[in-house]
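Below, each chain spelled out in residue letters.
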Amino acid sequence: MRSLVILGGGTAGTMAANKLRAKLPRAEWQITVVDQDDIHDYQPGYLFIPFGMNAPEQIRRSTHTFLADGIDFVVAEVDIVEPADQRVRLVGGRELPYDYLIVASGTTPRPDQTPGMLGDHWHDTVGEFYTFDGAVALRESLKRFTGGRLVMHITELPIKCPVAPLEFVMLADDYLRQRGIREATEIVYVTPLDGAFTKPVASRELGHHLEQRDIHVEPDFMIESVDAERKVIVSYDEREVPYDLLVTVPLNMGADFVGRSGLGDELNYVPVDKHTMQSTAYETIFALGDASNIPTSKAGSVAHFSVEIFVENFLQLAAGRPMTHRFDGHANCFVESGGGKALLLDFNYDTEPLTGTFPLPKIGPMSLLKESRANHLGKLAFRQIYWNVLLPGRPMPLPAAMSMTGKNPE
Amino acid sequence: MPSTTIAGREIDVDAEGFLTKPEQWDEALAESLAANIGITLTEAHWVPIRFLRKDFETQKETATLRRVSTVGGIPVKELFALFPGKPAKKMSYVAGLQKPKGCV
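Residue numbers (numbering that gives the first Met the number 0), protein chains in the order written: chain A, 0 to 409; chain B, 0 to 103.
These are computed hints drawn from the structure, not numbers from a lab.
It is possible that part of the hints are untrue.
Pairwise CB distance ranges (calculated) [what the hints assert, rightly or not]:
#, chain 1, residue 1, chain 2, residue 2, range
1, B, V70, A, P218, 22 to 32 Å
2, A, P360, B, E26, 42 to 52 Å
3, A, G339, B, D25, 45 to 55 Å
4, A, P360, B, T4, 38 to 48 Å
5, B, G7, A, I362, 49 to 59 Å
6, A, E239, B, D25, 52 to 62 Å
7, B, D11, A, T279, 48 to 58 Å
Computed from a predicted model, the values in this text were never measured in an experiment.
Quick reminder that beta carbons are idealized off the backbone N, C-alpha and C, glycines included.
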């Protein structure tokens, strides 16, 4: 009996477990998923909660209900992985030996890493929407907001769903208009990069979206601390941005046990081959989803496409053959822009987001790098697809590799 | 892609002047690139530049400020003093690498 242990029951871990359980004989392979709780959130829904576009209960389910029969589910915290002995130690003393290990423990916002970010003001005048509790608290903070400076801030890259802060300011613009307090509000977008858009085609096509909504961009801002008493964020070069309501994206880091186990880089992400997601240090370890250091967006679509490639490869590996499938870094991201419209991005390691239609040439029905109603409906429909098709590991009519079909090359 | 002549050499650059072929870079070129943005390189400047080049060899990506600070061991405050205002952008420019980017 061989053993596959998967650390993390989120998007990547659940998909990988279900797809492999359907393919690997039960008499030969034991599959175990470990997570610290039995909660599975539809994370794209976090963004909608502050604006009342999703109710909290719509985006929360139990992890175990999505795991197929024949998968062992263990609720426990990981203490440490001992790769030389091919063993996981759980907090409480239980040990899980493995033949292969998948690290799928994602990335987590770490407000503790920026001085002054935590305190009585946390989830009040300093909010965030990357956790369930944070999104619900921000809904209340926004309800209480009566105008002033609304500051959206990104600490440092990489972050999960890097377009979400852009979506937040565009949705906030719409939300504040509907409440009649947009005129009384300054919206500011603070980024450590040199602009809100950094890729040439996206900058050209999307630059006006912030300008026409009167959203001010504060670039090259590397935060040193939050001064909650004076309600300012302070950068390393001593610039100050005042706020009435700060919405921050704290530093994102991989799980602490990854660091403790010596498996991670400086942010606890597992260094892997970007085409196979296999650890560069241990052949018996893979990292899927946000937990790895692959140079593309930390996003559900990337988890989905890369798991498809990984599963094909793992079946070859299990059969003693070389892995022949290569992940191209494909990401496909909806960007809500308010007013019932959205943009769509489709790109990979080598191709930046381009204009065009998706998935079919001319017909679409969705348009790339352009606002449309169809894109928004696509995003709304995706929650049901996620629960009912994606997580159970059913086939999706979307190829894992990015296609140039419908795109306008530059 | 446009190209430009720096220090008597033909160099491939993007619309903002960042090198598109990191292999065209050498230390003499770095002096010229730094001069273009009003910086005279001292030994203190070379520490992060050499770190960026070395890190790029293995990572194939330009290191973020945080990485230069935590892995390279140079405090962010110092990077701001050496490359005023926009250290991430200025360091990568002088090191002949692409500026750190987001997904759009």
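Hint check:
no.	hint	result
1	V70/B <-> P218/A: 22 to 32 Å	holds, 24 Å
2	P360/A <-> E26/B: 42 to 52 Å	holds, 48 Å
3	G339/A <-> D25/B: 45 to 55 Å	holds, 54 Å
4	P360/A <-> T4/B: 38 to 48 Å	holds, 41 Å
5	G7/B <-> I362/A: 49 to 59 Å	holds, 53 Å
6	E239/A <-> D25/B: 52 to 62 Å	violated, 40 Å
7	D11/B <-> T279/A: 48 to 58 Å	violated, 30 Å
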